[in-house]
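Enquirer: Under numbering that gives the first Met the number 0, the residue at position 5 of the sequence shown is numbered 4, and the numbers go up by one with no gaps.
Here are the computed lysine-lysine pairs in the BS3-like style, where the Cα-Cα straight-line distance is at most 30 Å:
| no. | residue 1 | residue 2 |
| --- | --- | --- |
| 1 | Lys181 | Lys222 |
| 2 | Lys338 | Lys207 |
| 3 | Lys61 | Lys115 |
| 4 | Lys360 | Lys61 |
Label-pair distances were calculated between CB atoms; the ranges are:
| no. | residue 1 | residue 2 | range |
| --- | --- | --- | --- |
| 5 | Lys115 | Asn274 | 50 to 60 Å |
| 6 | Ser208 | Pro70 | 32 to 42 Å |
| 7 | Gln114 | Ala270 | 40 to 50 Å |
No lab work stands behind these hints, which were simulated from the structure alone.
A virtual CB, placed ideally from N, CA and C, is assigned to each residue, including glycine.
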Amino acid sequence: MTVAVALTGCAEASSGGGSPNAARSSAPSGAALAKTEQFVAPYVRAPVWRGPATSPPVAQAKHIVYVNQLPTQPLFRAIGTAAKEAGRALGWNVTELDAATLNDLPEVFNRAIAQKPDGIVFSNLSANEYPTITAALAKSKIPTVVIGVLPNQVNSSYTHVVDLHYSLQGQLIGAAAVLDRKADAKLGVLGFAPGFDPSGEALIAGIKSFLASSGGGSVVATKTIDVATVTDPSAVGQSSVAFVQANPELNAFYVGYDGTSSTVVPALRQAGLLNRVDVLAYQGDAQQLGWVRDGGGQVADVAWSQAWATWAAFDDFNRIFNNVTPPADDGVPVRLFTKNYPPPAGSTTWSGDFAFRAKYKALWKMS
0 MTVAVALTGC AEASSGGGSP NAARSSAPSG AALAKTEQFV APYVRAPVWR
50 GPATSPPVAQ AKHIVYVNQL PTQPLFRAIG TAAKEAGRAL GWNVTELDAA
100 TLNDLPEVFN RAIAQKPDGI VFSNLSANEY PTITAALAKS KIPTVVIGVL
150 PNQVNSSYTH VVDLHYSLQG QLIGAAAVLD RKADAKLGVL GFAPGFDPSG
200 EALIAGIKSF LASSGGGSVV ATKTIDVATV TDPSAVGQSS VAFVQANPEL
250 NAFYVGYDGT SSTVVPALRQ AGLLNRVDVL AYQGDAQQLG WVRDGGGQVA
300 DVAWSQAWAT WAAFDDFNRI FNNVTPPADD GVPVRLFTKN YPPPAGSTTW
350 SGDFAFRAKY KALWKMS
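Take the sequences, apply the hints, and build the full model.
Expert: The structure is reproduced here in structure tokens:
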């Protein structure tokens with residue numbers, strides 16, 4: 000790492016009332032911080048509209064099923080709320096089906112298919128995770144719009160993917176670590192085994208690429224976890240504490256999405272480790288945004304507007320029903336929140352800082 004190299008040899012003698020070695024050591028740090036501030040600048044303020052400029056006529060009397068794979072998680076509840084909201088705006092019927100546990104997902108998707116809806120929408124479920132679900136959806140020929148998976152070959156069986164730009168989100172997490180640790184980020188990472196979570200892998204790759212290109216730090220340790228651990232609050236908390244204790248060089252910790260952070264942050268606090276490592280995550284849940292704003296142990300959160308992404312999904316459905324190809328990029332923005340760029344007061348997810356509902360209604364010519 001550039002900064003580490005520059006810090007070696009600082010005990011050499013200096014003359015002329017200053018420390019040339021100190022000057023040399025601070026120069027790479029200053030350059031990394033300046034580069035990072037420039038990179039995050041567009042993502043710490045309100046976005047502009049990058050969505051579609053025109054719309055086909057609104058298709059009539061459509062029925063959409065939303066499959067909620069984790070009803071206990073704020074993310075999936077928010078998408079369900081926004082789906083009903085967008086459906087009302089279009090005059091469509093929206094049904095939500097909830098899974099009690101992840102093991103119930105194949106049966107819940109079978110019930111969704113059995114309703115013979117015009118479309119099925121869900122979130123954060125890559126096609127490789129449950130092959131039986133993917134096969135059943137493909138056999139049904141029901142249009143599927145999925146929020147929050149990679150638009151790659153793995154997910155090509157889905158009709159459309161609302162791209163949340165995971166590589167960019169990862170770069171913003173890396174940038175937040177650089178800023179938080181003054182260009183000396185020593186980051187620990189939680190992640191699934193390779194091949195299980197392509198979206199998470201893209202995000203982590205984005206973190207690493209930004210740290211490497213900026214010279215502001217590196218990933219020094221990685222902890223592989225499984226779904227059973229992530230969905231068990233006690234297990235993920237204990238695993239994270241053990242990981243941080245086993246890696247004393249860490250000064251920052253990327254824990255994945257905010258649902259994991261909600262357990263990891265209290266566990267680290269109880270273990271007395273939050274004074275050593277700063278937690279970073281993504282998703283923009285209300286609790287985590289409050290922690291970032293108020294100094295609650297998480298120092299950065301990369302957010303995407305869950306409601307905006309859901310309205311975009313319904314716009315995609317309308318295009319599909321009109322035999323119009325949805326845009327490759329729906330224009331759903333992401334935003335970085337840190338202690339220096341805090342979220343507004345209140346206990347809500349990020350609104351998007353844009354009147355996207357009014358924009359979509361205008362496109363659809365709906366009042």
